[in-house]
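Chains as they are written, first to last, in this note's numbering: chain A, 26 to 223; chain B, 26 to 223.
Worth flagging that the hints you see were computed from the coordinates, not collected in a lab.
Don't take every hint at face value.
Since the list can't tell identical chains apart, any single copy or any two copies may satisfy a pair.
Under the rule of at most 30 angstroms between Cα atoms (straight-line distance), these lysine-lysine pairs were calculated in the DSSO-like manner [stated by the list, open to error]:
# : residue 1 : residue 2
1 : LYS208    : LYS149
2 : LYS140    : LYS208
3 : LYS88     : LYS208
4 : LYS140    : LYS206
5 : LYS140    : LYS88
6 : LYS88     : LYS149
7 : LYS140    : LYS85
Since the structure is predicted, the reported quantities are computational estimates derived from the model, not experimental observations.
2 protein chains.
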Amino acid sequence: MPQGQPTVVPNDGLTTRQRRNRPLVFVHTGTGKGKSTAAFGLALRAWNQGWPVGVFQFVKSAKWRVGEERALRVLGETGEGGTVAWHKMGEGWSWVQRDIESSEEAAREGWEQVKRDLAAESYKLYVLDEFAYPMHWGWIDTAEVIEVLRNRPGTQHVVITGRNAPQELQDFADLVTDMTKVKHPMDAGQKGQRGIEW
Amino acid sequence: MPQGQPTVVPNDGLTTRQRRNRPLVFVHTGTGKGKSTAAFGLALRAWNQGWPVGVFQFVKSAKWRVGEERALRVLGETGEGGTVAWHKMGEGWSWVQRDIESSEEAAREGWEQVKRDLAAESYKLYVLDEFAYPMHWGWIDTAEVIEVLRNRPGTQHVVITGRNAPQELQDFADLVTDMTKVKHPMDAGQKGQRGIEW
């Protein structure tokens, strides 16, 4: 059941209002389902607040998350909430004009754009989907990510999803949920199905 | 990273197609964030498939999930995907005309409607938000819930969220994710904030 009360009051010199509006970093990690799905659920709340939302999909397949993408794009276009910008590594990123050689290069190009957008305060919520992988694989330096996030201007919330989120990132983040797989239909031979997996 | 291949092929006499379209029961439980948020993310995929979605909020507060509710209602009204029906215990349920005496009675009235809708195949995805609680508290008989779900007609997917989901329900479900709290801003004295918690 929802609990609105903090368990401790910190001695950080901030007023409740300042603390309430603190920009947050979320990490959704673990082997279970729901890491990205929960991030897109958060995007619904952001949309409802009228916030500009930026999604960066750090996955190879351009077809992945088609349901979430279409729903959020349609919402963004209604004009009844925030805007939604959706960027896909699987399509080579829209801002990159040349051929990208490798997934590693693609991931770095994505991160460079995230840095530019954070500096420009382009969005109020960033969904960095599957961004834990390029850090885990050493393609992107976790320490640099933490440094950039720590120094980001304004009130910009960032959600990072993916298995194996680096421990330093988890230590830095404000909220970390480990989606733990208890049981999955694929363990029982069930294949992914439309409307459920995508 | 997404994996589309099952780890074993079951000896259940079903074709891949039959197995693929099997109606599923999901349970999102645990103490971490993201249980309901991930369920509403699933609703985005269902909407994109044109499925009718029924949400039953088994929570007292009618104000809870306002962001998700508005986003899904707006999506449902676009006519570009499935329909969305949103039912709130916190407002006494629309189909109940008399005063409801207690939360326990309200929870039971909700479950009675879910049973009627399952029998009528009203929706293709049911989000039974925070429904684990009335089972955990003994207000609704878990064995009956399992029996009704086991015998539901057609292809109706059901997501049940909430802490302390009964073990029998987890044993019965096709997919169980435990959202494990690693770290939460409220532990550090952060209060809930608009756009993030609601």
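Outcome of the hint check:
1. LYS208 with LYS149: Classified as between; 22 angstroms across copies, 35 angstroms inside a copy.
2. LYS140 with LYS208: Intra 37 angstroms, inter 25 angstroms, cutoff 30 angstroms: inter-copy only.
3. LYS88 with LYS208: within (25 angstroms within a copy, 32 angstroms between copies)
4. LYS140 with LYS206: Intra 32 angstroms, inter 28 angstroms, cutoff 30 angstroms: inter-copy only.
5. LYS140 with LYS88: Cα proximity of LYS140 and LYS88: one copy only (25 angstroms, versus 36 angstroms across).
6. LYS88 with LYS149: Result: close both inside a copy and across copies, 25 angstroms intra and 23 angstroms inter.
7. LYS140 with LYS85: within (20 angstroms within a copy, 42 angstroms between copies)
Every hint from the earlier list agrees with this structure, and none is contradicted.
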